[in-house]
Amino acid sequence: MTFNQPTIDYAGLSPLIALVATLCVVIIASIIPRVGRFSVALLTLIGFATTAGLTIWQWGASENLVSNALRIDDIGSMAILIALLAAAGTVLLSLREPAAYTAGHGAYYALLIGSVMGMVVLAQSINLISFFVGLELLSIPLYVLCGAAVRRKESLESGLKYLIVGSLGSATLLYGFALIYGATGSTNFGVIAEELTSAQLASDTLVLAGVAMAVVGIAFKLSLAPFHQWAPDVYEGAPTPITAFMAVATKAVVFVAFARLLEQGLGELSGIWSDALAVLAVISIVIGNVGAIGQRSIKRLLGYSGIAQGGYILVGLVVVSTEGAGAMIFYLAVYALANLAVFAPLVARERESGFGDDVNGIAGIGRTRPWLAWPMTIGVLSMIGLPGTAGFIGKLFLIQAAVDGDYTWLAVVVVIGTVVSLGYYLRLLSAIWMEPQPDAPNTQSPMPVIAGGAPEADASAGGREEVPPGSSRCVLVVGTGVICAAATVLLGIYPEQLIQWATEAGEAITRAVGL
Amino acid sequence: MKEVLFWIGAIGAIGGAAAVVALRNPFYSVLALIAHLVSIAGLFLILQAEFIAAAQVVVYAGAVMVLYVFVAAYVGGIEEPKLDAIPGQRPLAFLVGAAIFIELSIAIVASGLLALDSGGPEVALGFGSPAGVGKLMLERFLIAFEAASLLLLIAAIGAVVLAERRRRDESDAEEALG
Numbered sequence: 000m001t002f003n004q005p006t007i008d009y010a011g012l013s014p015l016i017a018l019v020a021t022l023c024v025v026i027i028a029s030i031i032p033r034v035g036r037f038s039v040a041l042l043t044l045i046g047f048a049t050t051a052g053l054t055i056w057q058w059g060a061s062e063n064l065v066s067n068a069l070r071i072d073d074i075g076s077m078a079i080l081i082a083l084l085a086a087a088g089t090v091l092l093s094l095r096e097p098a099a100y101t102a103g104h105g106a107y108y109a110l111l112i113g114s115v116m117g118m119v120v121l122a123q124s125i126n127l128i129s130f131f132v133g134l135e136l137l138s139i140p141l142y143v144l145c146g147a148a149v150r151r152k153e154s155l156e157s158g159l160k161y162l163i164v165g166s167l168g169s170a171t172l173l174y175g176f177a178l179i180y181g182a183t184g185s186t187n188f189g190v191i192a193e194e195l196t197s198a199q200l201a202s203d204t205l206v207l208a209g210v211a212m213a214v215v216g217i218a219f220k221l222s223l224a225p226f227h228q229w230a231p232d233v234y235e236g237a238p239t240p241i242t243a244f245m246a247v248a249t250k251a252v253v254f255v256a257f258a259r260l261l262e263q264g265l266g267e268l269s270g271i272w273s274d275a276l277a278v279l280a281v282i283s284i285v286i287g288n289v290g291a292i293g294q295r296s297i298k299r300l301l302g303y304s305g306i307a308q309g310g311y312i313l314v315g316l317v318v319v320s321t322e323g324a325g326a327m328i329f330y331l332a333v334y335a336l337a338n339l340a341v342f343a344p345l346v347a348r349e350r351e352s353g354f355g356d357d358v359n360g361i362a363g364i365g366r367t368r369p370w371l372a373w374p375m376t377i378g379v380l381s382m383i384g385l386p387g388t389a390g391f392i393g394k395l396f397l398i399q400a401a402v403d404g405d406y407t408w409l410a411v412v413v414v415i416g417t418v419v420s421l422g423y424y425l426r427l428l429s430a431i432w433m434e435p436q437p438d439a440p441n442t443q444s445p446m447p448v449i450a451g452g453a454p455e456a457d458a459s460a461g462g463r464e465e466v467p468p469g470s471s472r473c474v475l476v477v478g479t480g481v482i483c484a485a486a487t488v489l490l491g492i493y494p495e496q497l498i499q500w501a502t503e504a505g506e507a508i509t510r511a512v513g514l
Numbered sequence: 000m001k002e003v004l005f006w007i008g009a010i011g012a013i014g015g016a017a018a019v020v021a022l023r024n025p026f027y028s029v030l031a032l033i034a035h036l037v038s039i040a041g042l043f044l045i046l047q048a049e050f051i052a053a054a055q056v057v058v059y060a061g062a063v064m065v066l067y068v069f070v071a072a073y074v075g076g077i078e079e080p081k082l083d084a085i086p087g088q089r090p091l092a093f094l095v096g097a098a099i100f101i102e103l104s105i106a107i108v109a110s111g112l113l114a115l116d117s118g119g120p121e122v123a124l125g126f127g128s129p130a131g132v133g134k135l136m137l138e139r140f141l142i143a144f145e146a147a148s149l150l151l152l153i154a155a156i157g158a159v160v161l162a163e164r165r166r167r168d169e170s171d172a173e174e175a176l177g
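Line by line, the protein sequences are chains V and B. Under numbering that gives the first Met the number 0, the first sequence has 170 at position 171, and the numbering climbs by one with no breaks. Under numbering that gives the first Met the number 0, the second sequence has 47 at position 48, and the numbering climbs by one with no breaks.
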């Protein structure tokens, strides 16, 4: 048996290699006693910046890497850039996060880097095996990060719930992949597409059952209704910067990987899966928007609104066109910015107000904290899709793609969903600008016990690891929000450059991946 | 011979899986799971996947199940917590489960069974042997192989994050008490 070394294109793999190097550096740096949390965070940020630079350097490339395991093209690069943006924002928001203290900053950032690594693999994978491994590499660090705040019972609940539901989703996905492989005899998207056409497997029940299970598995990961029940609980319990990361990066990357699987691998069956996805989109829009009304926890509210937004984004996939894929990636980019602009002030208020993520925490900040109020307002307006923000242009493209793809009724559903969503988005805005600031509750509450830990163990450990005081006026958190809000407004007025990138990315998805 | 082995493996696998769910005592469930996994390993062997069969026995029936036995022995005997089920959840779960079973049965009966009378696919010599699997890992699935090793590293870091906090607190408590 001879060994044929696969061709390894190091230039194409360079973003992944940079992340692995960052991971090693961060782990090693964090065990050196004199390296503080700022240095670790800085190293992580440098690593992310390098990865982003290498990804941009590879822009326009369109080739398969390492025996057709990965494919470097514009839509994958775009997803990676969105994920890196979200990850960098998360690092800035996490500097004073209690969960980062309990986990240790080195381990916390190492897990974050690990998740981003999974995202790079997933966004580029054109093989069922690398797809699955990438998805697991993305998810497993997130399970831990969700449960990293061991002093909050909700955090542990969140981590456990995410682990169980995520594993269920992975198992379903894997079952589907096994059936697709069984029917087509290959794990490679290019060969699967070839087999579906040449062997006339388009009505083969084994393939169809496989596609159905794979779609369900991915819908779990994307929290599309009716596979969404975990999302509000997990979003609420997870440390807030991690919630922001999950809401933004996971969604962007999994959507792109989903598009790749469906269009580059299973494009022959588009007549079948696009109708199924249209139904999922409608259910998500309805359940997300209705569920968000009446939530008092802002993170829960954003969890439900994320389900609805997932439904909007799915429209770009339903129409099966370059236009739709471009609209999807454009919306994912502006959704990322809007989300970070909302989450950054939320992180700041959560630490200083004493209300946690309750709506009371942001009441009246329009007068007292304008630097927090404005980014949040702009982010919320962009999620609504108000003209002048990037969200408007994103929604416009999605609706246009739906109408052009003969899914006008779906465009109508998106518009109705947007109108319903005003009900809860405007409540946030009225809390910020019109309500008086309530009296702070007793913030001198004793440190909560370690969830599930012995009380006497806690008595001695408590107080030693207090988060430094004065954390409220953190320039980095406020700055993250302001920059993302500014970018949202800027892209709302001058969207041309992002439109061009999104169009190039949309064209990449329809190219056949080859054998 | 092959047919006999297949039926033994198939009955063992399905019976074991059913017993895992049906048995009340967690310790017996673990034993049933071992029977299930060994049966699956036998089926792999019929499919000429010797390496996978060996890995199944060593990793799952061996290492992982030892862990399960330990957990069952440690926390066994605790009263089952009463879960307040959502009204209508049980019949709904039964209905959905039956629907998925029927769907998969249709899929497998309609196309999978067509190959029943044929001799199965022609496999090259050394398919599924350790050397064949190793070659696949380093050639076609190199990226997945490397990513899986990074996954193990990340999982180890995650385990440390979840375990270390508790342990450090407990050692502090011991100091305080002693």
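Just so you know, not all the hints are guaranteed correct.
To be verified - Computed from the model, here is a short list of chain V residues facing chain B with C-beta under 7 angstroms:
(1) V120
(2) I128
(3) T196
Hints listed in this document are in silico derivations from the structure and should not be mistaken for laboratory results. Every value quoted in this text rests on a predicted model; they were computed, and no experiment measured them. All C-beta atoms in this analysis are idealised placements derived from N, C-alpha and C, irrespective of residue type, glycine included.
For each hint, the structure was consulted:
1. The interface hint given for V:V120 holds, since its Cβ lies 5 angstroms from the closest Cβ of chain B, which is under the 7 angstroms cut-off.
2. A cut of 7 angstroms between beta carbons decides the hint on V:I128: the least distance to chain B is about 5 angstroms, and the hint holds.
3. For the restraint placing V:T196 at the interface with chain B, the shortest Cβ-Cβ distance is roughly 17 angstroms, beyond the 7 angstroms limit, so the hint is violated.
When each numbered hint is compared with the structure, a violation occurs for hint 3 only.
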